[in-house]
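Please arrange chain B with the ligands on chain A, whose structure you already have, making use of the hints.
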Amino acid sequence: MSEPEEDIIDQVVSQEYKYGFTTDIEMEMAPMGLNEDTVRFISAKKNEPEWMLEWRLKAYRSWLKMEEPDWQNFNYPKINYQDIIFYAAPKQKIQLDSLDQVDPELLKTFEKLGISLQEQKRLTGVAVDAVFDSVSIATTFKEQLKEKGVIFCAISEAVHEHPELVKKYLGSVVPTTDNYFAALNSAVFSDGSFVYIPKGVRCPMELSTYFRINAENTGQFERTLIIADDASYVSYLEGCTAPMRDENQLHAAVVELVAHEKAEIKYSTVQNWYPGDKEGKGGIYNFVTKRGSCEGAESKISWTQVETGSAITWKYPSCILKGDRSTGEFFSVAVTNNAQIADTGTKMIHIGKNTKSRIVSKGISAGKSHNSYRGLVKINKKAENSRNYTQCDSMLIGDKCGAHTFPYIEVNNNTATLEHEASTSKIGEDQIFYCNQRGIGTEEAIGLIVNGFCKEVLNQLPMEFAVEAQKLLAVSLEGSVG
Amino acid sequence: MLTINDLKASIEGKSILNGINLSIKPGEVHAIMGPNGAGKSTLSSVLAGRADYEVTGGKVDFMGKDLLELSPEDRAREGLFLAFQYPVEIPGVSSTNFLKTAINEKRKYHGLEPMEATDFLKFMRSKMEEMEMDKSLTSRSLNEGFSGGEKKRNEVFQMAMLEPKLCIMDETDSGLDIDALRLVSAGVNKLRDGERSFLVITHYQRLLDYIVPDFVHVLYKGRIVKSGDASLAKELEVKGYDWIKQEVEAAV
Ligand SMILES: Nc1ncnc2c1ncn2[C@@H]1O[C@H](COP(=O)(O)OP(=O)(O)OP(=O)(O)O)[C@@H](O)[C@H]1O
Ligand SMILES: [Mg+2]
Chain A
1199 MSEPEEDIID QVVSQEYKYG FTTDIEMEMA PMGLNEDTVR FISAKKNEPE
1249 WMLEWRLKAY RSWLKMEEPD WQNFNYPKIN YQDIIFYAAP KQKIQLDSLD
1299 QVDPELLKTF EKLGISLQEQ KRLTGVAVDA VFDSVSIATT FKEQLKEKGV
1349 IFCAISEAVH EHPELVKKYL GSVVPTTDNY FAALNSAVFS DGSFVYIPKG
1399 VRCPMELSTY FRINAENTGQ FERTLIIADD ASYVSYLEGC TAPMRDENQL
1449 HAAVVELVAH EKAEIKYSTV QNWYPGDKEG KGGIYNFVTK RGSCEGAESK
1499 ISWTQVETGS AITWKYPSCI LKGDRSTGEF FSVAVTNNAQ IADTGTKMIH
1549 IGKNTKSRIV SKGISAGKSH NSYRGLVKIN KKAENSRNYT QCDSMLIGDK
1599 CGAHTFPYIE VNNNTATLEH EASTSKIGED QIFYCNQRGI GTEEAIGLIV
1649 NGFCKEVLNQ LPMEFAVEAQ KLLAVSLEGS VG
Chain B
2 MLTINDLKAS IEGKSILNGI NLSIKPGEVH AIMGPNGAGK STLSSVLAGR
52 ADYEVTGGKV DFMGKDLLEL SPEDRAREGL FLAFQYPVEI PGVSSTNFLK
102 TAINEKRKYH GLEPMEATDF LKFMRSKMEE MEMDKSLTSR SLNEGFSGGE
152 KKRNEVFQMA MLEPKLCIMD ETDSGLDIDA LRLVSAGVNK LRDGERSFLV
202 ITHYQRLLDY IVPDFVHVLY KGRIVKSGDA SLAKELEVKG YDWIKQEVEA
252 AV
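Those protein sequences? They're chains A and B, same order as listed. Going by the numbering used here, the first sequence opens with residue 1199, and the numbers climb by one from there. Going by the numbering used here, the second sequence opens with residue 2, and the numbers climb by one from there.
So that you can see chain B by itself, here it is in the shape it has in the complex:
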């Protein structure tokens, strides 16, 4: 699904990603953890194609395509989805209108006719039920005045609507109350179908109790410095990052 090879990126001349290697197969869930400022959001932004970052080296293959060659919108249309750490507000644009535009742009890219309005509404209703989304949120302007938690839930709802192949979730759990966390996790688990892959960025083991990862990676100073299975997250929860940092410094 996704193969990242020695990926390097910088912003304003400052190197943030210093050679990332990661391979995700269909159906797998990978968690990325790491201290603040390690480069987790940068990695997700670079994969999604944010222009602020300069890719200074490496290659990314996304289902046989050279991901870094694609425009951000084409990456999305190919099936890459990023649930943002900080979703933006778009005043005056309803979620319904936004999602309809997004879905039809994607369909156009794949040579399909736009979805009929009634089919779209039916589809949306079923997804809202599946994700246990409140009706009022989708009729309001996109993210405008949403609480932090509502924004995050809305990201997962959009993810369900757009049916991506690879879901990157950047700290979707932060800001969620306990019930919302359960709802979001349940939603994500419903989207796991053996084919769809997930890259979950989080600071907390809590989330990984619900969404059990196949692999856990620790990102530090722009590199993946340790990988393991779900137990690694539990170990981090107990021990923190110091021992890993020390390991890294010792190796230098």
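With the rest of the complex left out, here is chain A:
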């Protein structure tokens, strides 16, 4: 019944390589491999001040002494860090003149995802400037932000323009020695976003990497730093919902959030890196460290993530609840199909009094994939009257996949209240037949049922993002039944 058009993304991606989009013309690359010279090379390319170089070198030296972690619930081939090119920019893609030159299959996928024409052009490397005045749009936003005193720029720019902020906060939440991949990122990060919201300012728009990415190709080691000063608010969106044409690659980003007194940061991610083919060949290793610190009293940090891509996703966006009455939230949807692996969850570290955290995790596994929730809730000695609510729901499609939950709890204060709920369900043939009988095809039915299952989390996303995420869920599960 379901045509062989299943897994359009996979097909599209493998076709991409055939067309040789990766043969770039103008590439500036660091020599392959990693040593102190590589770090110096990157720093020099970015024209960095001495203190930044020193910071990187320190990170590099500690990385050398660290071991790659092996506590995870899966295996992956050992990464040879001497086979990686750590710096390649400005990666000028082949410019096409119009969308007519783009592989029609790829366009079909975009259409399914509901990606706008402009976005399609950007993703396929069609020159946008002539048709689409991205520059002026970006500048209008810049003006508006400037009026409010909001700083939103590339982190490499911030190093030059706002060194005092970068010095103060970079590595303050995720120290360079935090873990193997964070240390690596600290040594070689190529770029990323920097956001500062001044006291009392409510950022007038959702900030998104979308507006910035036109200019440059962010590398595999992005670094994001967001600071919300007292009583400010910002909502930040990361990622794009398009199929990426990356090959089997390590993606080791670091994201640090700092929320001061009464400030609120909402961080939303929709991740759809290339997942590899049906057999598990290729795809991104998405090993990301994301952590937010609720520094001040009554501050709040919310992570929302929709993870559908990558061969392996290994990340735990976390909150350190230092300020009294601060709140941490984690809303997650992780979808795995075919041979994908996701090991994701969160850490909620309660330090301040009357701190609250909420975890809602929805895992969907199809094919022969494995999907694990791993979460830690830690209540420190002084965290009087802290509360945590955790809800972990898993949905299985087919019978070759696996769902696992690893909830860790450490309570050192007996005034704490912790609640935990978990469920596992299967998409029933009855449900699919019911939809079929109303004229809804099997793929759409799965999309509908899965979206219903994830509703609580999707509701957390900004409207536009939620719509894209919904479509993405359906697309990434194509061909998972029948």
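Hints were generated in silico from the structure; no laboratory data involved. Beta carbons: idealized from backbone N, C-alpha and C, even for Gly. A hint or two may mislead.
Partner residues are not named here, just some residues of chain A that face chain B (Cβ under 7 Å, in silico) [as the list claims (entries may be wrong)]:
(1) 1345
(2) 1347
(3) 1537
(4) 1631
(5) 1635
(6) 1638
(7) 1646
(8) 1647
(9) 1650
(10) 1651
(11) 1653
Pairwise CB distance ranges, derived in the manner of DEER restraints [what the hints assert, rightly or not]:
(12) 1623(A) x 133(B): 32 to 42 Å
(13) 1587(A) x 90(B): 21 to 31 Å
(14) 146(B) x 1373(A): 20 to 30 Å
(15) 190(B) x 1627(A): 29 to 39 Å
(16) 52(B) x 1621(A): 51 to 61 Å
Chain B with the ligands alone, transformed into the frame defined by chain A:
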């Protein structure tokens, strides 16, 4: 509208339908009665295209199309609707969203543009009024936590929304209280327009007082063993099935 010719079907190697013959013309209401386990739900499932059943013989023509060749969703899009004996719950999906998807899938199949959101809501509101549906039910997740009776009423509401050509109703009356039965019957009668046909599966004459059938059939051991007009249902109400069973056994 629908012509069933010597239809045979089995599940897990066990033969359940043993040669069904039935012809329904536009605008007609046919009732199917019969003891538990006779194969009534099986017949409706096979017509709707449930994959668990294997069709082992026979033909079904639905408005000039070979019904058994069509996928379940295409059967629905062609205008076949089944009100389930046991409607399933779909958590997190609102009736509104579900019906909008269903209607637009059907429109797409027929080469029509999707319905505008505002037009859809207007349409839905008018149908809710017509079927006297409570607003709260359509905003909730589909069938989730609905009472037995509410689920059945929701099936009839969906039927009204999707405007099918042939409505198969599998024991829609069971589980309904007296008022709900009246409401559902009134709803169904509103949908009778001289063109739309109904295949009503029921155990009780009660329903047929409200929805008066043109024909009544008795299904037994996978065959239609007796057919008649509305009076047959009344006779069954009084006499039960034993006399029919005996007739069948005697004929063997
Ligand atoms: N999945 C199945 N596996 C084995 N036997 C089945 C299955 N589904 C149905 N049957 C059998 O098929 C026969 C007919 O069942 P069906 O549900 O069609 O009866 P019915 O006439 O609708 O009964 P009721 O009036 O109780 O609803 C029964 O004997 C039933 O046990
Ligand atoms: Mg039945």
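- Taking the beta carbons of residue 1587(A) and residue 90(B), is their distance inside 21 to 31 Å? Once the Cβ atoms are compared, 24 Å apart, the range 21 to 31 Å for residue 90(B) and residue 1587(A) holds.
- Message: Less than 7 Å between beta-carbons is the criterion; does residue 1635(A) satisfy it with respect to chain B?
- Response: With a closest approach of 5 Å, the residue 1635(A) hint holds.
- Could you say whether the range 29 to 39 Å given as a hint is met by the Cβ separation of residue 190(B) and residue 1627(A)? This hint holds: roughly 34 Å between Cβ atoms.
- Query: Any CB of chain B closer than 7 Å to the CB of residue 1653(A)?
  - Reply: holds, 4 Å
- Task: With a cut-off of 7 Å on the beta carbons, see whether residue 1537(A) makes it to chain B.
- Result: Interface hint status for residue 1537(A): violated (27 Å vs cutoff 7 Å).
- Item | Hint check: 7 Å Cβ-Cβ cutoff, residue 1347(A) to chain B | Since the shortest Cβ distance to chain B is 39 Å, the answer is violated.
- Range hint 20 to 30 Å: satisfied by the CB atoms of residue 146(B) and residue 1373(A)? violated, 48 Å
- Task: Using the Cβ atoms, figure out if residue 1623(A) sits within 32 to 42 Å of residue 133(B).
- Result: The hinted range 32 to 42 Å holds for residue 1623(A) and residue 133(B), with Cβ atoms some 33 Å apart.
- Message: Under 7 Å is the threshold here; is the Cβ of residue 1646(A) close enough to any Cβ of chain B for the hint to stand?
- Response: holds, 6 Å
- Honestly, do residue 52(B) and residue 1621(A) meet the 51 to 61 Å range at C-beta? Between residue 52(B) and residue 1621(A), where Cβ atoms are some 27 Å apart, the hint is violated.
- Status of the residue 1631(A) interface restraint (C-beta, 7 Å, chain B): holds, 6 Å
- Task: Using Cβ atoms only, decide whether residue 1647(A) comes closer than 7 Å to chain B, and label the hint accordingly.
- Result: Given a least distance of 6 Å, the restraint on residue 1647(A) holds.
This entry does not satisfy hints 1, 2, 3, 14 and 16, going by the numbered hints stated previously.
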